[in-house]
Amino acid sequence: MTSVQQREIWNTKVGLVFALAGNAVGLGNLLRFPVQAAQNGGGAFMVPYFISLILLGIPLMWVELAIGRRGGVHGFGTTPGMFGLLWRHPMARYLGAFGVLIPTGLVVYYSYIVSWCLGYSFFSAAGSYFGEDTRTGMGSFLDGYIGVEANQHFANLGAAYFFFAVTMLLSVWILSRGVVRGLEMLAKVAMPVLMLLGLVLVARVLTLDPLPGNPEGWDISHGLGFIWNPDLSSLTSAKVWLAAAGQVFFTLSLGFGAIQTYASYIREKQDLALTGLATAGVNESVEVIIGGTLAIPAAVVFFGLAQTREIAEGGAFSLGFLSVPVVFQQIPAGQFFGCLWFLLLFIAGITSSVGMSQPAMAFLQEEFQISRRKAAIMLGVGLFILSQPVILFMEFGFLDEMDYWVGTFGLVVMALMEIILFAWVFGMDNAWEEITRGAQLNIPRVYYYVIKYVTPTALLVILGVWGYQDAFGVLMMDGVAEEAVPYKWGARLLLLALLLAIMYGIHKRWGGQPPDAPEHMPKEGDA
Amino acid sequence: MNGGLSWGGMVFMLASWLAIAGVVAFCFGRILGGGGRK
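Sequence order for the protein chains is A and B.
Residue numbers for the first sequence follow our numbering, beginning at 4 and rising by one.
Residue numbers for the second sequence follow our numbering, beginning at 1340 and rising by one.
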């Protein structure tokens, strides 16, 4: 694909669903979900979770697919062009800049974390961390790997840079092969492998024996009970409903700008309704069936309930990189299963990181006529350079600051903008026609009203509560150590510079002119 | 929360798994079978 006149299209429907699911399935499915479920009412968490999925997740997925397909029909693979089609105002394209900023800003640090999974897969196979059989010991191993301290395992950041370079080269290679030979091929191989690895690990966890000398007799039944035993009183807690809505939002990669780009490679009259539902289904199977059965239940068997509560409160990274490796050191063939666990995380991560990179690829290729290979190399080099402060200043919270603004708050802002533009500015009748065109599934008419009223309201509530509870404090750097303040400002300036660069690109491409009547751009294979 | 998996927990877990597996089977049945409204 070198021209907007002939955009690539997905080769098969299954390939499209796997690619979208690969984009959506990430580290959050395997690490964030079980922590959220365990902290918010166990099995009862699934009630607000599924309701949020039905009222927020799936409708937004359809909205993003419809915006993306419409954009692709007119030759646009990113939200600046797509928003210009929804709102005939020069401002629309500048608002669309967030749909390039968010995935690109995210991938700056996400690809580094993904490279840890590759590194840890190797370290598991080689038994490098075996012997560090406490969480504190594994914390020291991680600190050595990411350069916070020099220790007997790592003298410098050499290993971290090696695995990061391998991850980046692999991503650039996949991106340079294009949509069908790169992204679709990866998804067709990676998703079945991911499912298989996940099911092998689920079988292993479900057959874990209690530790000898374990006076409380913690076993896998306690582990599953920790996640699934329902606390029905949690259903009346606003905090639980908000946590469920937030998890649904993160897990489906909504508000990133990446789903829209993937959807821009769908044919004009090809189904979106069934595709969106299938994508959500595959994502949920990885999250609820595999993610809900692995890390937390295994932690309960080996650490007991009290410590697992502490682990869950420590967050997803502590669970994945500090606790689970301790478990592997205590089971037969632990090196093998440890390798599989981190390989599973790596596959989940890399299918998402290439997905997050594709909007920047499409922006460079389509709006500036840069060849695919050149765009992939430019992006790879650019991301490698931008990620340096993330790597070097991690202990000062550089990554956390970026993650908050683009990976948490920014997503909700982006989703709110797009649903208002689509359902209210473009108009709900047009939006409904766009979503249902070519549908292989009858979407109940009630979703017309859900998309118009319920989903935007839910997003407003999430944004309002998060803004009130967190955003102001984060903005004012409440509780931030004095020495970390300059680094946090550095992270903000980096994001601002990236945003201005994208806006400058939009200005160069369109010159702030009001959008003309959209021109129909045929895709390969269109009649 | 201190006991093993309760009946309620098992019901929530299996119902969630079945619902998700059902949606995936339905969707892939339609996609691979090419059925459904055009």
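Honestly, the hints are just simulated from the structure, not real lab data.
Every value quoted in this text rests on a predicted model; they were computed, and no experiment measured them.
A virtual CB, placed ideally from N, CA and C, is assigned to each residue, including glycine.
Keep in mind that a hint or two might mislead.
Label-pair ranges, simulated between beta-carbon atoms [unchecked claim]:
#	chain 1	residue 1	chain 2	residue 2	range
1	B	1365	A	218	29 to 35 Å
2	B	1360	A	136	46 to 52 Å
3	A	431	B	1368	45 to 51 Å
4	A	313	B	1360	47 to 53 Å
5	A	310	B	1368	21 to 27 Å
6	A	317	B	1368	37 to 43 Å
7	B	1342	A	317	39 to 45 Å
8	A	452	B	1342	29 to 35 Å
9	B	1342	A	457	33 to 39 Å
10	B	1357	A	158	50 to 56 Å
11	A	431	B	1364	19 to 25 Å
Inset, instruction - Give me the numbers of the hints this structure contradicts, sorted from smallest to largest. - result: 1, 2, 3, 4, 5, 7, 8 and 11
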